[in-house]
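Asks: Each chain is listed here by its residues.
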Amino acid sequence: MALPGGRELIKDMAGFVQERHERMREIKRGGKKIIGYFCSYTPEELILAAGMHPVRIMADLPDPAGPVDAHLQNFACAFARSCLDQLVRDRLDYLDGIIFPCTCDSLRAVSEIIRANKKEGFFYHFLNMPLRVEGDPQFVFYRRELELLYNALAGFAGRPPGLESLKGAVALADANRELLIRIWDFRKASGPALTGEECLGIVNAAVCMDREELRERLEKIRNALAGGIGDEKDTGRARLMVIGSVIDNPALIRIIESAGALVVGDDLCTGARYFSVPVNMADGEDPLDALARRYLGRIPCPTKHPVDRRLDHINRVIDDFKIQGAVVVLQKFCEPHAFDYPALRDMITGRGIPVLLLEIEPGRLAEGQLSTRVEAFVEMLGGGR
Amino acid sequence: MNAEKSPGRRLECARKLKNIGVEYYMECVMAKQQGRPLAWITSGFPVELVYAMDVIPFYPENYGTLCGSRKVSGELCQMAEARGYSQDLCSYARCTLGSMYENAGPLNGLPAPDMILTARNICHTVIKWWEAVARYYNCPLFVLDTPFVQGGLTGHQVRYVREQIMEMIGFLERHTGREFNMDRFMEVIGRSNQGTALWREIQLLRKASPCPVSALDMFTCMFPIVTLRGTAACVDFYREMRDELADRVARGVGVLEEDRYRLMWDNIAIWYNFQFYDYIHSRGGVFVGETYTSAWGVYQFDQSGSGDLFDSLVRSYSMALLNIDLDLRFGQMADMIREYGVEGLILHSNRSCKTYSLGQLGLARRVQNELGVPVLIIEADMTDPRAFAEGPTRTRVDAFLELLSERKAR
Ligand code: SF4
Ligand code: SF4
Chain A
-1 MALPGGRELI
9 KDMAGFVQER
19 HERMREIKRG
29 GKKIIGYFCS
39 YTPEELILAA
49 GMHPVRIMAD
59 LPDPAGPVDA
69 HLQNFACAFA
79 RSCLDQLVRD
89 RLDYLDGIIF
99 PCTCDSLRAV
109 SEIIRANKKE
119 GFFYHFLNMP
129 LRVEGDPQFV
139 FYRRELELLY
149 NALAGFAGRP
159 PGLESLKGAV
169 ALADANRELL
179 IRIWDFRKAS
189 GPALTGEECL
199 GIVNAAVCMD
209 REELRERLEK
219 IRNALAGGIG
229 DEKDTGRARL
239 MVIGSVIDNP
249 ALIRIIESAG
259 ALVVGDDLCT
269 GARYFSVPVN
279 MADGEDPLDA
289 LARRYLGRIP
299 CPTKHPVDRR
309 LDHINRVIDD
319 FKIQGAVVVL
329 QKFCEPHAFD
339 YPALRDMITG
349 RGIPVLLLEI
359 EPGRLAEGQL
369 STRVEAFVEM
379 LGGGR
Chain B
3 MNAEKSPGRR
13 LECARKLKNI
23 GVEYYMECVM
33 AKQQGRPLAW
43 ITSGFPVELV
53 YAMDVIPFYP
63 ENYGTLCGSR
73 KVSGELCQMA
83 EARGYSQDLC
93 SYARCTLGSM
103 YENAGPLNGL
113 PAPDMILTAR
123 NICHTVIKWW
133 EAVARYYNCP
143 LFVLDTPFVQ
153 GGLTGHQVRY
163 VREQIMEMIG
173 FLERHTGREF
183 NMDRFMEVIG
193 RSNQGTALWR
203 EIQLLRKASP
213 CPVSALDMFT
223 CMFPIVTLRG
233 TAACVDFYRE
243 MRDELADRVA
253 RGVGVLEEDR
263 YRLMWDNIAI
273 WYNFQFYDYI
283 HSRGGVFVGE
293 TYTSAWGVYQ
303 FDQSGSGDLF
313 DSLVRSYSMA
323 LLNIDLDLRF
333 GQMADMIREY
343 GVEGLILHSN
353 RSCKTYSLGQ
363 LGLARRVQNE
373 LGVPVLIIEA
383 DMTDPRAFAE
393 GPTRTRVDAF
403 LELLSERKAR
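Quick note, the sequences are listed as chains A and B, same order.
Take -1 as the starting number for the first sequence in the numbering used here and just add one per residue.
Take 3 as the starting number for the second sequence in the numbering used here and just add one per residue.
Hints were generated in silico from the structure; no laboratory data involved.
Keep in mind that a hint or two might mislead.
Which bits of chain A does chain B cover? Going by a derived footprint, with three or more residues having C-beta under 8 Å, they are [as the list claims (entries may be wrong)]: (1) 117 to 128; (2) 337 to 343.
Derived lysine to aspartate or glutamate pairs resembling DMTMM-like cross-links, with alpha carbons at most 25 Å apart [stated by the list, open to error]: (3) A/218 - A/183; (4) A/117 - B/327; (5) A/117 - B/77; (6) B/209 - B/77; (7) A/330 - B/381; (8) A/330 - B/329; (9) A/116 - B/372; (10) A/26 - A/183; (11) A/117 - A/91.
Computed beta-carbon distance windows for the label pairs [what the hints assert, rightly or not]: (12) B/312 - A/156: 35 to 43 Å; (13) A/188 - B/72: 53 to 61 Å; (14) A/357 - B/31: 32 to 40 Å; (15) B/312 - A/13: 55 to 63 Å; (16) B/72 - A/344: 29 to 37 Å; (17) A/341 - B/175: 55 to 63 Å; (18) A/91 - B/391: 35 to 43 Å; (19) B/398 - A/352: 43 to 51 Å; (20) B/312 - A/282: 33 to 41 Å; (21) A/341 - B/31: 24 to 32 Å; (22) A/341 - B/158: 30 to 38 Å; (23) A/138 - B/407: 51 to 59 Å; (24) B/398 - A/284: 30 to 38 Å.
We treat Cβ as the ideally placed atom computed from N, Cα and C, and that holds for glycine.
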């Protein structure tokens, strides 16, 4: 029996993303400080535990020109440029602070530029996280860096850092992770009830929304899906996975799905890499230990070493979600992802699964051109509508 | 003496480099036959440990400069691109990958590594690039992670890097089957300290006017400090170079008869187009300092026996130019500008090297506003000639020197 309004709940999530700046201002008017962050390697739990609101900074297309050019050359990726652009134009006027985890060279440069230009009283923190995600020294080092971040956040929020609030934050973040995992699982079915575009809307809302409200919404969505939401997407469409860094523009997934395919799985920073591995804090475990363990143990992105667990994830998605084709979305100028592409392509095509590379240039999405390439790809897979 | 074709006077000792370079690359190429272990390493890697273990270090970055100056980098880059490596990746990396896959380039392929070693202190690029190499050769890879330094290094950061250094010694022991020998290491450290001290002396001699050595010679003569740091050949070469410069300074001999404009260069050289620097000489401009070449003068290791050698190793390598924040970088630039009487700064905005280039625009503003020194930003790439529009850049250099000359007239 389909729950009424299931589809609307999902659509609302994408709507929230559209209006996110206004919604953030509302949260701020409610008296909460807002901390923006880059990259899913930021432990949101620490921001939540300090009683503040975490929001992930997303790009706005098209690629900007103007003030950002005075700070960052055009061979930084469009994502880095767009984020910096919003900051230098003060479009994110609701932010009280910002956190950068150490990832790629381009974002590290953006971090330095922000630090050099930030206003008095604005919270800025560079989280020196290890590049290597395995090993004891890495754990000890990272745990200490997390502690420094947490103390800084608590100081900024004007409240003492506390273990209890940390535990609560971990529990909340984990609840949301579990729900997202469950929702993603519904895409394993043939004729899944969710499109890739809808899923992108959900995950992109999840990184901005009040996390309590998020939990309620995700629960409802999960229940609606479990009840059979109706309006199943037809079974004949080619099942694709999307691989890449950050996808903030739903138009990209829309283009792929309009060509007749269905995006059912992913390896994205705005997707499975964000939520796939819960903290699962053991009884009596120190929350900072648990967080260090979780962030080092999650599915790594290409800015971390070694990358093996990411490849395992991709292989698992291919199996579990019965993937027939993979679309690699590469931000032009993104070195970490571009370096991995040839080996990734060979690994996937080696399994008999075709790969399509879409390079996203700065500027507007060249929709017509992208559509043509995706259509040819989907046709080759034999899964057009 | 022969009439010099180049508008700037070149160094005598630079002629020796050819032999040093040939010998070094021969050693690399012959390593396999002679049963000597060979490691690919990055320019910011603590090579002293590698030499101490009698492992031959092969520098793909330096190989990239070789491809650039032999003017084959463009085609090698294209070979990597044909394999699926984006044209936007570091061109040193593309030169190596192209040569590796196609057995091509100035050495007709590359010496296969027994192990490969990389460090985060110059960029993230060398991590991804080395991963690709490790996949290709299926050989052991060691990654040295160095936290980004804002303000200064904290105790736990030093500990973190230090533990990895110890881990690396174990890695080298395992893969060479040899034991690490502290006495041998101290010898290498001693020679490394001598080499870098001489390199600093050489830089300091450029305070003289007319400046005794050009950027061209400095770029060419970097080779030993980068690849042979810790060897006797490195020390010998720089002693000779220092003496030649000291002699020039004593006799008042410069690159040009007179330094019309004392310039500073930021970022990696344009390896395939040294005529560009000649052009600047022909217009009266002389580079008296480069952030790039001086970056190799900062290493200093505590060999007193009473201090902590490994601690100083960790600090030196963590504070590498491309691993420190923009304020620290600006501080170093500002010191150089003041001490060397720099009148104009030329920033090479280098598409290939994001770690060096992104952030430069703010540095340029600070140099202009806080130090009152004019800045010219030129766009190019260190080894991919396709990204350099020489004609328009020369025009911009003319306008820049014109501006400097007006300022001097005032
Ligand atoms: S897309 Fe790539 S280059 Fe851009 S911020 Fe992400 S990892 Fe860095
Ligand atoms: S990105 Fe820059 S620092 Fe890194 S290897 Fe390339 S040129 Fe060198």
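Asks: Find the hints from earlier in the document that the structure breaks and name them by number, from lowest to highest.
Replies: 5, 6, 8, 10, 17, 24
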